[in-house]
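Chemist: As a plain string of letters, each chain reads:
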Amino acid sequence: MAQKLSAFTSPNHPIRRMRRLRELLIEFVLMAAAASSIFITVGIIYILVSESLPFFDHVSLKEFLTGTEWTPLFENAHFGILPLLCGTFLTTVIALSVAIPMGTVAAAYLSEYVHPTAREILKPILELLAAVPSVVYGYFALLFLTPLLQKIIPSLPGFNVLSAGLVMGLMIVPYVSSLSEDAMRAVPLHLREGSFAMGASRFQTVFRVIIPSAFSGISSAYILAVSRALGETMIVAVAAGMQPSLTLNPLRPAATVTAFIVQVSMGDLPQGSIGYRSIYVAGLSLLFLTLCFNIFGLWLRKKFQEQE
Amino acid sequence: MSREIFSSEEFDFAADLRRRKLIDFLFSVAGMLSLMLALITLIALLVDLSSTGLMRLNADFFTNFPSRFPWRAGILSAWVGSLAVMFTTALCAIPLGVAAGIYLEEYARKSWFTLLIELNIINLAGIPSITFGLMALGLFVYRLNLGQSILTAGLTLGLLVLPIVIVTTREALRTVPRSVREAAYALGSTRWQTIWHHVLPYSSGGIMTGVIISLSRAIGETAPIITIGALTFIAFLPHAPLTGEPPFVSFQWLSDPFTVLPIQMFNWLSRPQPEFHVNAAATGLILLLLTLVMNAGAIWIRYRFRKKLKW
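Note that the protein sequences, when read in sequence, are chains A and B. The numbering used here puts the first sequence at residues 461 to 768. The numbering used here puts the second sequence at residues 45 to 355.
Hints are supplied without guarantee of correctness; some may be wrong.
Stated by the list, open to error - Rough simulated footprint, nothing fancy, chain B against chain A, three-plus residues with beta-carbon under 8 Å:
1) 484 to 495
2) 543 to 554
3) 562 to 570
4) 599 to 613
5) 663 to 671
6) 680 to 691
7) 719 to 725
Everything labelled a hint here was simulated from the structure, so no lab data went into it. Glycine residues also receive a C-beta, built at the ideal position from the N, C-alpha and C atoms.
Can you build the whole structure from these sequences, using the hints too?
Modeler: If you want it as structure tokens, here you go:
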């Protein structure tokens, strides 16, 4: 016993040395795990760039950026990314025009109007919308919403951007509402009370006090929603048809960048072929677009914070 | 400006108040409607899927392989594949994610390195899932020659949900008060002993919640798995993990080709015959119920732990 106790009196006793070594080793392993998240980002960027660079040996950057036809798998191949970007842009705009108003109103309602107990129940239910697998939403858009819309617009084709975009909007509502609600609830109580004391109604308080002070959090919710909409794949692949077309008409079929990648991956593509390269170029464009939006959002937030 | 309004004789305070109260009321109706719309969407999903697919959910559907004939087709290879892929995903994401969470919350000092990791984790949440699939195709399938296998799919999905595990682990660790850690240090524990024997057990509820939520996300994820080239006709099962001869455990299944539930559903959905759409609805119903049950379970665990632990 005495011998065992003496182990802890001297810092150079082998047992204490072992313990220090073990602690150091564990810290190193944990740090490596944390650093692995950086390797994911680096891996994604490296693979996307290195697999798409040879693409530009065949296709000039000018044709890629300004061509109006995207038919990489045809005999007479054209490589203009614009039709795909157009599809992505269109579905994103439709989805956001559903998700942003609905999500913001739901967030304000949950944060400012509802009893805390009811909020505890309602918020998880709302979040379930984001948990539903997107391929299930694809089914919903193709076989539920499209027939429904066809009753209103009889000329609507079976595959169309409108129904895919609307369903995508419903899916990303929780991305908007959850983070926005957190931000709104974090606004200090005295700001609310000050506003009420001046005679403002709850609606006026929400729009003139709460939303401006929570804008930083709300805008990051919007950025996440935009990223989600840009990258959403299965709803569009199932319900919007897969024909790249340079159109801004939501009543027509179209293909997004993501839907094109799925379409090509469904077939068997030899590594290194131009079709294989084309999905990496599409993926890289998507990543670039997402990155641009995120930087724009950060800039917007910074600008808004400076004004305060 | 406002003083002018109040002093002007036309200003009718009572009417203005009525108007503002009306707007306030209308806004609360709008809020209720948007919540209702979310609820209606969920119910419509459930009703629509079960009205079409419920009659297909019999024992044969679970024990049959996919087939050219819609009434004979089943999801045996799909659910076994989903199970195997989820197992691999969990094996990849849980240790890595929890370890990273522990490091960031308990060890990391404020430095550019920590900041870089944190910013990176936030950014990973916004990266489209399909680019993870493209990365996996280039890295796991072609550079590391893992093939279009269960291992590739598990690793891909594991990396995809890693940020969710890290973030929820950190939140769970943060709920353990400082006093618990200090008490352990005072008794002479090292940092790791404190974490392993005290902090982790207390935060296990929160960590479990994160794990379940990340797996429920992974089970429905389709796009990255299609990208690694797994959309093929699979009418056989992977090798069994247990064998009759020593060493009794086999890892052959990791390198087997596979299919999963959402891919099987997408496959049936992209065919023109409505008979296959019935199969898709049945598969979708299973997927939907699985994710709803997993999420409800996660909420329940969180609720139980919050109630049980009072510091």
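Chemist: Next step is simple, just say for each hint if it's right about the structure.
Modeler: Each hint tested on the structure:
no.	hint	verdict
1	484 to 495	holds (count 8)
2	543 to 554	violated (count 0)
3	562 to 570	holds (count 7)
4	599 to 613	holds (count 5)
5	663 to 671	holds (count 3)
6	680 to 691	holds (count 6)
7	719 to 725	holds (count 3)
Checked against the numbered hints given earlier, the structure breaks only hint 2 and satisfies all the rest.
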